[in-house]
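Chemist: Sequence:
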Amino acid sequence: MEDNQNLSIQGAVCPVPLAHREKIVMGHGSGGKMSHDLVARQFLPPFDNPALRAGDDAGVVASIGDRLAISTDSHVVWPLFFPGGDIGRLAVCGTVNDVAMMGAAPQYLTAGFILEEGLDLDLLQRVVESMRFAAVEAGVQIVAGDTKVVQKGKADGLYINTTGVGFVPEGVAIGGAQARPGDAVLLSGSIGDHGVAVLGARGELGFTAEVASDVAPLNHLIASMLAAGANIHVLRDPTRGGVAATLNEIARKAGVAIVIDEQSIRVKPAIA
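Sequential numbering of the sequence shown, starting at 1, is according to my numbering.
Since the hints were derived computationally from the structure, they do not count as laboratory data.
There may be inaccurate statements among the hints.
[Claimed, not checked] Think about it this way: if two alpha-carbon atoms lie no more than 25 Å apart in a straight line, the pair counts; the simulated PhoX-like pairs of lysine-lysine are:
(1) K33 - K154
(2) K154 - K23
(3) K148 - K33
(4) K148 - K23
(5) K154 - K253
(6) K33 - K23
(7) K33 - K152
[To be verified] Label pairs and their computed distance ranges (CB to CB):
(8) D57 - L205: 44 to 52 Å
(9) S264 - P45: 13 to 21 Å
(10) D56 - A257: 44 to 52 Å
(11) D120 - G175: 20 to 28 Å
(12) E204 - R266: 20 to 28 Å
Predicted, not measured: the structure shown is a model, and the values here were computed from it.
Idealized CB from N, CA, C, for every residue including glycine.
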């Protein structure tokens, strides 16, 4: 039997060629058996928890506080894998960090996947496993999700939307408008690592830079700072626009001016 020959059993013809069983096909987005099998095979084992295992239209989870912090983000990056990370790790860490920037303790995530027809299932599995590792690292559960399939050429492999829910401890009030005159501006590390890592993976730099993305969950760091009694007014995870755009946003919201010493901002030699 040729690789691209349809499988015929007692007069019935399987619409999915055997050679394509390890790739995403439009039938995976049908909502039928192929969709169910995709979820059962690719997503349930790595993300397994009672809320997800129930298979209902929504995950029912426990609440551990009165105030919720909720954030959602859609993640589009090419290539899907880059030094130091991938779209799966980015999707988990990005939303975990957005929730944590309010001083909240992230607990739950949802994940929506837009899958391009023809995507290798092995590649999808690598992304999902990376999400699992990042979720364990952050201490969160992925409790609900969705998959959709678009025609080949309508997406760059896959896109991921994640929504995060966290609980804000009593007495914590952190936000962009809380900046005050006299506040110090602190950076947790060097800047530009992620952007240069992605551009380098695309081959758009014109030179080789040994730089890895610093994508990581920051919620444990923030929890430690709050537990130590740090009087934090504002937290931000600079992504699009970088540090400059973030500081401008804070200044605008709080009605303050921010003065920084450019020489004190850490930039790795490979990036500078």
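Chemist: It remains to establish, for every hint, whether it holds in the given structure.
Modeler: Taking the hints in turn, this is what the structure says about them:
1. Between K33 and K154 the alpha-carbon distance is near 24 Å, which keeps this suggested pair within the 25 Å criterion.
2. A distance of roughly 16 Å separates the Cα atoms of K154 and K23; the hinted pair therefore holds under the 25 Å criterion.
3. Distance check on the hinted pair: K148 and K33 sit about 14 Å apart at the alpha-carbon level, within 25 Å; holds.
4. For the proposed pair K148 and K23, the alpha carbon gap of about 14 Å is at most 25 Å, so the pair holds.
5. Between K154 and K253 the CA atoms are separated by roughly 38 Å; this puts the pair beyond 25 Å, and the hint is violated.
6. As the CA atoms of K33 and K23 are separated by approximately 16 Å, the hinted pair is consistent with the 25 Å bound.
7. The suggested pairing of K33 with K152 holds, with an alpha-carbon distance near 21 Å, which does not exceed 25 Å.
8. The given range of 44 to 52 Å is respected by D57 and L205, whose C-beta atoms sit roughly 45 Å from each other.
9. Our hint of 13 to 21 Å for S264 and P45 is violated, since their Cβ atoms are close to 47 Å apart.
10. Separation of D56 from A257 is about 51 Å and conforms to the stated range, judged on CB atoms against 44 to 52 Å.
11. As the Cβ distance of D120 to G175 is approximately 42 Å, the hint placing it in 20 to 28 Å is violated.
12. Taking 20 to 28 Å as the suggested C-beta distance range, the pair E204 and R266 conforms, at roughly 24 Å.
When held up to the earlier numbered hints, the structure conflicts with 5, 9, 11 and fits the remainder.
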